[in-house]
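Just so you know, the sequences run in chain order A and B. For the first sequence, position 114 matches number 114 in the working numbering, and the numbering has no gaps at all. For the second sequence, position 119 matches number 119 in the working numbering, and the numbering has no gaps at all.
Read the hints as simulated data drawn from the structure, not as lab findings. Note that the Cβ used here is the ideal one computed from N, Cα and C, for glycine as well. Accuracy of the hints is not assured; some may be wrong.
With a straight-line cut-off of 20 Å between C-alpha atoms, the simulated EDC-like cross-links for lysine to aspartate or glutamate are [unchecked claim]:
1) B:K146 with A:E21
2) A:K37 with B:E149
3) B:K139 with A:E16
4) A:K50 with B:E125
5) B:K71 with B:E125
6) B:K147 with A:D14
7) B:K146 with A:D54
8) B:K146 with A:D141
9) B:K150 with A:E30
10) B:K147 with A:D130
11) B:K93 with B:E151
12) B:K92 with B:E151
13) B:K72 with B:E125
14) B:K139 with A:D54
15) B:K146 with A:E121
16) B:K150 with A:E7
17) B:K96 with B:E149
18) B:K109 with A:E7
19) A:K50 with B:E94
20) B:K70 with B:D30
Which residues of chain B face chain A? A partial, calculated answer using Cβ under 8 Å [claimed, not checked]:
21) I49
22) S127
23) T135
24) K139
25) I153
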Amino acid sequence: MNCFNEEQLQQYLDNEYGQEEMEAIGHHLETCLACTKSLAQLHQRRMLLKQSLDLLVTKQPAIPQLILSKKADKQRRFAVRYLLPLAAAAGLLLLVLLQPWADSDKTPDNGQTLQFAISEEVDANKPVTDYPLIITVVDPDGNVTQTAIY
Amino acid sequence: METFEEMYKQYYQSLHRIAQKMLCHDEANDIVQDVFMDYFQKTKNGSEIAFPKSYLYRSTLNKCVDEQRKKKKFAGNHIPEKIHNSLHDYEKKETKNCIARCLEAMDTKTRELIVLYSEGLSYREISDVTGITFTSIGKTLSRALKKLEKELIIKGYELL
Numbered sequence: 001m002n003c004f005n006e007e008q009l010q011q012y013l014d015n016e017y018g019q020e021e022m023e024a025i026g027h028h029l030e031t032c033l034a035c036t037k038s039l040a041q042l043h044q045r046r047m048l049l050k051q052s053l054d055l056l057v058t059k060q061p062a063i064p065q066l067i068l069s070k071k072a073d074k075q076r077r078f079a080v081r082y083l084l085p086l087a088a089a090a091g092l093l094l095l096v097l098l099q100p101w102a103d104s105d106k107t108p109d110n111g112q113t114l115q116f117a118i119s120e121e122v123d124a125n126k127p128v129t130d131y132p133l134i135i136t137v138v139d140p141d142g143n144v145t146q147t148a149i150y
Numbered sequence: 001m002e003t004f005e006e007m008y009k010q011y012y013q014s015l016h017r018i019a020q021k022m023l024c025h026d027e028a029n030d031i032v033q034d035v036f037m038d039y040f041q042k043t044k045n046g047s048e049i050a051f052p053k054s055y056l057y058r059s060t061l062n063k064c065v066d067e068q069r070k071k072k073k074f075a076g077n078h079i080p081e082k083i084h085n086s087l088h089d090y091e092k093k094e095t096k097n098c099i100a101r102c103l104e105a106m107d108t109k110t111r112e113l114i115v116l117y118s119e120g121l122s123y124r125e126i127s128d129v130t131g132i133t134f135t136s137i138g139k140t141l142s143r144a145l146k147k148l149e150k151e152l153i154i155k156g157y158e159l160l
């Protein structure tokens, strides 16, 4: 029987072959010094690499209590830190973008504008109903019409 | 089907070891807690996870890779290391650093493969977690171990 390559011996070492293949390799190893030597090297390499990697594990911790609210806290903190300012900025932007349309809605279709002003001094102690409401309308031709409501 | 608590108890330490090997620093606790938290949220929202064990291992590896990216990003901000109490501590730290550098020198897939193998996962389980086809695990693993051994020798770490 031909000798086995490193990959095959590695799989044999890791017990990853089926029973039949394991037996076949086992029989071969009984008579082949080269494969037995390779297998021993692979075995040593596996052991030493595992030991080396285990050095990276400084401690085997006790299983801590799982705090399930941690995620919710994290999400809340994320919302406060990032989502709220973002939402505020988006709101402001929307307000600025929609402003021209909002203004245009107030303008009547025929081009007339409506203005108001307090033109005389008022006594704050008197009810507002004691004063006449004077409506002054200026049409596009410049004609002025005044209407007083008592 | 295992309950969430059972899974937590069964896999916590193994995932913690993997995180330590992948990251080589003390972020492992947070990583593993996050992994379980995500798993809990996912199952709570009604998602069904067909292979919970593979999911947990994959999720841990992904979080470790993310953490490493973050670490690289802030690589300039060094935190001063504490003074070692003895020569033994210093040597231990140096050995650890050497192994960590060797692992870091390898690509992510190879590193994941070696770490999972060192934790005793079978070829089938490694295949499920890494996405490497089952039939090529033997070959890939054999090459990866050889590569790590070579890297350790180059970096001056004595295996024998």
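Going down the list of hints, with the structure as the test:
no. : hint               : in the structure
1   : B:K146 with A:E21  : 24 Å, violated
2   : A:K37 with B:E149  : 18 Å, holds
3   : B:K139 with A:E16  : 12 Å, holds
4   : A:K50 with B:E125  : 18 Å, holds
5   : B:K71 with B:E125  : 29 Å, violated
6   : B:K147 with A:D14  : 18 Å, holds
7   : B:K146 with A:D54  : 18 Å, holds
8   : B:K146 with A:D141 : 96 Å, violated
9   : B:K150 with A:E30  : 29 Å, violated
10  : B:K147 with A:D130 : 98 Å, violated
11  : B:K93 with B:E151  : 18 Å, holds
12  : B:K92 with B:E151  : 19 Å, holds
13  : B:K72 with B:E125  : 30 Å, violated
14  : B:K139 with A:D54  : 23 Å, violated
15  : B:K146 with A:E121 : 98 Å, violated
16  : B:K150 with A:E7   : 17 Å, holds
17  : B:K96 with B:E149  : 15 Å, holds
18  : B:K109 with A:E7   : 18 Å, holds
19  : A:K50 with B:E94   : 18 Å, holds
20  : B:K70 with B:D30   : 14 Å, holds
21  : I49                : 17 Å, violated
22  : S127               : 11 Å, violated
23  : T135               : 11 Å, violated
24  : K139               : 5 Å, holds
25  : I153               : 11 Å, violated
Comparing the model with each numbered hint stated earlier shows that hints 1, 5, 8, 9, 10, 13, 14, 15, 21, 22, 23, 25 do not hold.
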